[in-house]
Amino acid sequence: YLWRKPGRGDRMRKEDRSSALIRLEDAEEYLASAKDNLDKERNKASLDHAVDATIAANDAFTIAMVREVGTRDHREALALHGKAGRKAGDNRTRELAMLLELRHRITYRPVSVSPKQASSGLRSSSRFVSWVRDLIIRG
Numbered sequence: 070y071l072w073r074k075p076g077r078g079d080r081m082r083k084e085d086r087s088s089a090l091i092r093l094e095d096a097e098e099y100l101a102s103a104k105d106n107l108d109k110e111r112n113k114a115s116l117d118h119a120v121d122a123t124i125a126a127n128d129a130f131t132i133a134m135v136r137e138v139g140t141r142d143h144r145e146a147l148a149l150h151g152k153a154g155r156k157a158g159d160n161r162t163r164e165l166a167m168l169l170e171l172r173h174r175i176t177y178r179p180v181s182v183s184p185k186q187a188s189s190g191l192r193s194s195s196r197f198v199s200w201v202r203d204l205i206i207r208g
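Residues in the sequence shown are numbered consecutively from 70, following our numbering.
To be clear, the hints were calculated from the coordinates, so they are not data collected in a lab.
Everything numeric in this text was worked out from a predicted model, so none of it was measured.
Built from N, CA and C at the ideal position, the CB exists for glycine as well.
Some clues are possibly wrong.
With a cut-off of at most 27 angstroms between alpha-carbon atoms, the simulated DSS-like pairs for lysine-lysine come out as follows [stated by the list, open to error]:
| # | residue 1 | residue 2 |
| --- | --- | --- |
| 1 | K109 | K185 |
| 2 | K185 | K104 |
| 3 | K156 | K83 |
Estimated spans, in silico, between C-beta atoms of each pair [stated by the list, open to error]:
| # | residue 1 | residue 2 | range |
| --- | --- | --- | --- |
| 4 | V180 | D105 | 20 to 26 angstroms |
| 5 | S199 | D105 | 17 to 23 angstroms |
| 6 | I206 | A101 | 16 to 22 angstroms |
| 7 | S189 | T140 | 27 to 33 angstroms |
| 8 | S199 | E170 | 35 to 41 angstroms |
| 9 | I206 | D108 | 26 to 32 angstroms |
| 10 | Y177 | R207 | 33 to 39 angstroms |
| 11 | R174 | R207 | 31 to 37 angstroms |
| 12 | P179 | G151 | 31 to 37 angstroms |
Based on the provided sequences and hints, a complete structural model is requested.
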């Protein structure tokens, strides 16, 4: 269901470009927390914060590229990522969708998260945040 286009009730909010840097800082903070949680074997918290880092980085990306941020749900975030990606000439829709899906399948449910799952999520999120950071810094 994450691949559907947003419906008519979905809204995007206009943002000033300076907000992109704030959201990028948020992403870095979530990444640090995800690593700390992984080091302390709090695997579910690690994965959840890795996804939070990805969401914050995606907000930074969409604000930097199209001055908009999604306000309703993950489908809207994916659609807006595509719009920003067209402007940037690059996107990470597949990675974003995968991490958002992990949140729905794992962190919102009463299931355990293995160290391998948490570590993999952290690596994926770190790559996503780095990609956004590089785009924003050079842009």
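- Quick check: which numbered hints come out false for this structure? 8
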